[in-house]
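Q: Given these sequences and hints, build the entire structure.
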Amino acid sequence: MDVRAIKDQFPILNQEVNGHPLVYLDSSATSQKPVSVIEAVDRYYRETNSNVHRGVHTLGTRATDLYEGAREKVRAFIHAKSTAEIIFTRGTTTAINTVAWSYARANLKEGDEIVITQMEHHSNIIPWQQAAKATGATLKYIPLQEDGTVSLEAVRTTVTPNTKIVAITHVSNVLGTINPIKEITKIAHENDAVIVVDGAQGAPHMEVDVQDLDVDFYAFSGHKMCAPTGIGVLYGKRELLENMEPVEFGGEMIDFVNLYDSTWKELPWKFEAGTPIIAGAIGLGAAIDFLNEVGLDNILEHEKKLAAYAIAKLREVDGIAIYGPKERAALVTFNLGEVHPHDTATVLDAEGIAVRAGHHCAQPLMKWLDVTATARASFYLYNTEEDVDRLVLGLLKAKEYFGDVL
Amino acid sequence: MSYNLDTLYRQVIMDHYKNPKNRGLIEGDSLTVDMNNPTCGDRIQLQLKLEDGIVKDARFEGEGCSISMSSASMMTQAIKGKKVDDALAMSHLFSDMMLGKEIDTDGFDLGDIQALQGVSKFPARIKCATMAWKALEKGVHEQD
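Residue numbers (the numbering used here), protein chains in the order written: chain Y, 1 to 406; chain P, 1 to 144.
Be aware that a few hints might be false.
[Claimed, not checked] Derived BS3-like pairs (lysine-lysine); straight-line CA-CA distance at most 30 Å:
no., chain 1, residue 1, chain 2, residue 2
1, Y, Lys-367, P, Lys-21
2, Y, Lys-397, P, Lys-121
3, Y, Lys-399, P, Lys-56
Please keep in mind that the hints were generated in silico from the structure rather than gathered at the bench.
A: Structure follows, in structure tokens:
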């Protein structure tokens, strides 16, 4: 994998920020976009823009073909059985909320349990808190092990025959933990619970085979995998989706509309009310082509190497605290001694290095780590070892800058 | 453009960060307000003793970056002994300062607070500086 050649395909990375060549280490928040994706969206608006699934005119047909073509690309990307199981959403958050509003509210009652973990992003916590409140179900947490992983033993003791939903992240956006989804799914199914996987940090970085994993729902966002913002995917097993009610109603999703009652279109369109995110879906299709060309196995291997390099280099920085397990995805969350992560991030920004600082939308996890905030450097296929070296130099500068006062 | 960190992290800010004034809450019947910055996790607890329209005491506790904690320290120092109305007027002045507006100090001695002027050049950090002042405004409203 030629990282230089890949990096060249991302125009945004070729710029100076605050007088230094940009080092972008915030891909877990959102990834940058390759020129092929930017051009696919641009070309759509220049040549094809039309509404889908309605007009008989030529542009309308072309736009529909592109939009549904993108759905087929997503299906193949995650190895789903059918495009009926691929619902386009605004992102991971909307996808999880769809399950929480539709599936959870229809299937949960008092005494039932929803099981999640303490490493979840807020978008995989709050929808379940709300669903629990609405149905009288109980929300339970699988405890984490000291290194920030989930043991199957803990899953087995937390998930019970009363559990109806297990919701868990594929990859932690803070710890970098990669959860054993296949094994956890087995435990959920042994207890007749469905599993909902937050794949926001998974699908962009590794091969996902929803049939092999046997997951019931898998949610992910386009913008973290080289596609535009505003497009995401909810995968659901057909038999589950068939029995679920839509959560939004309006145009596009109907079969017949009568004065006092209506019927819905078949899957997946019954979940896509209103004019869909056409350009976003086409951009996602182009992003999938791009990622396939590089190869997800190559991306994962590159990222694992880079994460190992980063951890080794960062460990050399005196006073640094690194959070998360040894085996991890391509991100490193840390704190630099007594320097507050905001201050660290501001010094790095002055050096042209973009990192995230804060609670990373995971306040319960921050509590577990016993910190109020952390800094995070996250990598993607375009990052290099030089980027890591620049980060380390930036951190030394931050230490030097605050060293006198702290 | 390269930016100069020294315009943000002035020595007086670092002094307040290292040795904050009025930090630590006290027992008593004063008014306590909580304020946080949900985007970054910074939080402050501000304790106010307002009597006869005067800020008799102002103390704080909290967790956050150098800018948010030094701003809280400077603010409590500045409003202590002031009329409540004047403290609010200073809060408005401070907001204007963060927006990069030319400010007329209107007879107020902003003292150390002037050092935070550089924050206005760092948009991502303005909310850190204003958090303590927002807590003050909330406290005064709750009192009313």
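Q: Hint numbers the structure violates, sorted upward?
A: 3
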